[in-house]
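Please model the complete structure; the sequences and the hints are all you need to start from.
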Amino acid sequence: MIFNLSHFQAMVLFALMVSIAFGFLSRRPMRERAKYIGWSFLLFVVIGIGIGWMMYPFSR
Amino acid sequence: MSDESQIQQTDTEPSPPSPAPEYEPAAQFHQVRPHVKRSPAAAAGIGIAGWILPGLGHALQKMWGRAIACFLAVGILVFIGSGMRGNLFQSADADAFGRLGYIADVGTGSFYWLAKWLEVKGPDVSHADGDYGTRFLAAAGVLNLLAALHAYEAARGRKA
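Chains as they are written, first to last, in my numbering: chain A, 1 to 60; chain B, 1 to 160.
It should be emphasised that the hints constitute simulated quantities derived from the structure, not laboratory data.
Mixed in with the good hints, there may be bad ones.
[Unchecked claim] The list that follows gives simulated cross-link-like pairs (lysine-lysine, DSSO-like), each with its CA atoms no further than 30 angstroms apart: (1) B:K37 - B:K159; (2) A:K35 - B:K62; (3) B:K62 - B:K37; (4) B:K159 - A:K35; (5) B:K159 - B:K62.
Quick look at the structure:
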């Protein structure tokens, strides 16, 4: 099976998987886990987009 | 009449203070599973089991949520990474980057061979997809190594 994901789709999928794994490994009550996963995922995506825009002037 | 009732009220002994709860309700979540400290050899066995099959180290300790999360996260990353035709590094790679990549890839344990089996057309890093796939596979391996280390630490009683 061949996947053709866009840059954004790949980044979101990567952020989601890593956030879930980190959340389950590092936090115990389910509520704390959900909060950690949400924050981690949000920061992954926001910082990823931010770094992408910071590189934009040098991309051409 | 009113004097009698006042006297009765003053005569009654104050009720003893209600006993304090043994632990607060919020703390119950942390006391569900007592810490079990295993021997170093048994803990190492659990860590190795977790490396060979993602999530198995936690499953052996009945940490079902963590076991399922590790298995699915590593499995999905490997599945997508090999589907994007990411590069699986070989043990015979000459440069240091290739050797580090091999260590990261082989961190997925048995899923390393699953990724090889899934990549029927071989790697293709000439496109961005293949490059992302390489990162997915390496991240899956590092994540599984972290999970195996966590399982070992939990078996030694150092992690909840």
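Results for each hint:
no.: 1; hint: B:K37 - B:K159; result: holds (10 angstroms)
no.: 2; hint: A:K35 - B:K62; result: holds (23 angstroms)
no.: 3; hint: B:K62 - B:K37; result: holds (14 angstroms)
no.: 4; hint: B:K159 - A:K35; result: holds (20 angstroms)
no.: 5; hint: B:K159 - B:K62; result: holds (14 angstroms)
The structure is consistent with each of the numbered hints, conforming to all of them.
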